[in-house]
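**Student:** Here's the letter readout for the chains.
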Amino acid sequence: MINIIWLALLVIGVIMAVVTSITTGSFDPLVQVTDALFNQSKTAVDLAIGLIGLMALWLGLMKLAEESGLIDLIAKAVRPIMVRLFPEIPADHPAMGAMIMNIAANMLGLGNAATPLGLKAMQELQKLNEKAETATNAMVTFLAINTSSVTIIPATVIGIRVSAGSGNPAEIIGTAIFATTCSTIVAVTAAKLFSKLPRFQLKPEDV
Amino acid sequence: MFESVINGISALAIPIVIVVIPVYAYFKKVKVYEVFVEGAKEGFQIGVKIIPFLVAILAAIGVFRASGAMDLLVKILGPVTDAIGMPAELITMAIMRPLSGSGALGVMTELVNTHGADSMIGRMASTMMGSTETTFYVLAVYFGSVSIKNERHAVPAALLADLTGIIAAVFICNMVF
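Here the protein sequences line up with chains A and B, keeping their order. The first sequence lines up with residues 10 to 216 when you count with the numbering used here. The second sequence lines up with residues 5 to 181 when you count with the numbering used here.
The hints are simulated quantities; they were obtained by calculation from the structure and are not laboratory data. Fair warning: this is a prediction, and the values are worked out from it, not measured in the lab. Heads up, a few of these hints could be off.
Below, computed lysine-lysine pairings styled on PhoX-like, alpha-carbon distance capped at 25 Å [said to hold, decoys possible]:
(1) Lys136(A) to Lys153(B)
(2) Lys45(B) to Lys33(B)
(3) Lys53(B) to Lys85(A)
(4) Lys85(A) to Lys33(B)
(5) Lys32(B) to Lys45(B)
(6) Lys85(A) to Lys136(A)
(7) Lys201(A) to Lys136(A)
(8) Lys51(A) to Lys140(A)
(9) Lys35(B) to Lys45(B)
(10) Lys205(A) to Lys153(B)
(11) Lys140(A) to Lys45(B)
(12) Lys136(A) to Lys205(A)
(13) Lys85(A) to Lys201(A)
(14) Lys201(A) to Lys153(B)
(15) Lys129(A) to Lys201(A)
(16) Lys129(A) to Lys153(B)
(17) Lys201(A) to Lys140(A)
(18) Lys85(A) to Lys129(A)
(19) Lys51(A) to Lys53(B)
(20) Lys129(A) to Lys140(A)
(21) Lys32(B) to Lys85(A)
According to the in silico footprint, chain A covers these stretches of chain B (three or more CB under 8 Å from chain A) [to be verified]:
(22) 10 to 21
(23) 29 to 37
(24) 46 to 56
(25) 63 to 77
(26) 112 to 123
(27) 130 to 136
(28) 145 to 155
Glycine included, each C-beta is placed from N, C-alpha and C at the ideal position.
Could you put together the complete structure from these sequences and hints?
**Tutor:** Below you can see the structure in the form of structure tokens.
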């Protein structure tokens, strides 16, 4: 999908420039396309370099949160919610711990550390799965929560805002928390409701 | 009232985090300075790692915009997005977000640079980026890792959540900023 979109952006852009060049009788649109290509490539590097300082600051802090056990602390705090969200998973099952750690890591914007924890959680959930190739309700709920992204500090976004010269780069934290809360509520509700639809029901013959 | 709560959270979040985490770690006998530096080293790698993605996406969007194709798309979809208070410039962002994290980061960067980080478009793009996730990537990686082939209701549930996130971002930004 991303392949098609990327290609479409380039191809449609160039065709458009050619058509405009022909209709207006000037090479201007084509020259502008070329300029855009060169300038944007240069901008990409400037931006990435500008981001390094902030990413370093943030990942340094996250390492401290990890080593000090702060992440485990958050994990413990959300355990009661987890038991309600995943009634079919025993509270002391390793899947529960891994899912909590993954969600806690996501909340703190720890993308890199979150993925291995999420994969570990999937492995554990799979052990409770009776039909190896079909997702369980718990798996879908976990994925829905994960993709609706419960993020408290979007560090990368703030970093980009800093390099773009924002007067208040962190001002979007509040709005992002609001939006992510809405999407997470919808994610959980949809995952729970959809699991009851006939289309998605587990059929006996699959077992 | 609601507006100042949201703004208050934004203003307080970073200063609190920057004090609480190191102080907590210190009392837990973590070598704060050394561990911080060790973690910070990764920041450099991430910065360098995203360069190819940024070049690819920024170049493609640059062409699309410079050719006038973007203006055309904005004109076509404008009435739909106007209805929910979303600037049409954010359409690419909304389409890209569930497909590719680095792609969306590229789009956000481009919007923030073109319109300004503190413009409404810049703020909405930042909020969308910070509040949604690369749905299809997560689905592929997570289900792939345990060879799940029938993903059942995961895709509709996740996409509905993405849509909600985008609409909520538009709504709250219009309200707060």
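**Student:** Taking the hints in turn, state whether each one holds.
**Tutor:** Results for each hint:
1. Lys136(A) to Lys153(B): Answer holds: Lys136(A) to Lys153(B) is near 16 Å, not above 25 Å.
2. Lys45(B) to Lys33(B): 21 Å, holds
3. Lys53(B) to Lys85(A): Violated - the C-alpha atoms of Lys85(A) and Lys53(B) are around 34 Å apart, more than 25 Å.
4. Lys85(A) to Lys33(B): Between Lys85(A) and Lys33(B) the Cα gap is close to 21 Å, so the pair holds against 25 Å.
5. Lys32(B) to Lys45(B): 22 Å, holds
6. Lys85(A) to Lys136(A): 23 Å, holds
7. Lys201(A) to Lys136(A): 21 Å, holds
8. Lys51(A) to Lys140(A): 50 Å, violated
9. Lys35(B) to Lys45(B): 16 Å, holds
10. Lys205(A) to Lys153(B): Given pair Lys205(A), Lys153(B) holds - Cα atoms ~19 Å apart, limit 25 Å.
11. Lys140(A) to Lys45(B): 43 Å, violated
12. Lys136(A) to Lys205(A): 23 Å, holds
13. Lys85(A) to Lys201(A): Measuring from Cα to Cα gives roughly 24 Å; hence the hint holds.
14. Lys201(A) to Lys153(B): 20 Å, holds
15. Lys129(A) to Lys201(A): 23 Å, holds
16. Lys129(A) to Lys153(B): Holds, because 18 Å separates the two Cα atoms, which is no more than 25 Å.
17. Lys201(A) to Lys140(A): 19 Å, holds
18. Lys85(A) to Lys129(A): Answer holds: Lys85(A) to Lys129(A) is near 18 Å, not above 25 Å.
19. Lys51(A) to Lys53(B): 15 Å, holds
20. Lys129(A) to Lys140(A): 19 Å, holds
21. Lys32(B) to Lys85(A): With Cα atoms ~17 Å apart, Lys32(B) and Lys85(A) stay inside 25 Å; holds.
22. 10 to 21: Held - the region 10 to 21 of chain B has 9 residues with a Cβ nearer than 8 Å to chain A, which meets the minimum of three.
23. 29 to 37: holds (count 4)
24. 46 to 56: It holds: at least three residues are needed, and the region 46 to 56 of chain B offers 8 whose Cβ sits within less than 8 Å of chain A.
25. 63 to 77: This one holds; 12 residues, not fewer than the three required, reach chain A with a Cβ under 8 Å.
26. 112 to 123: holds (count 8)
27. 130 to 136: holds (count 7)
28. 145 to 155: holds (count 10)
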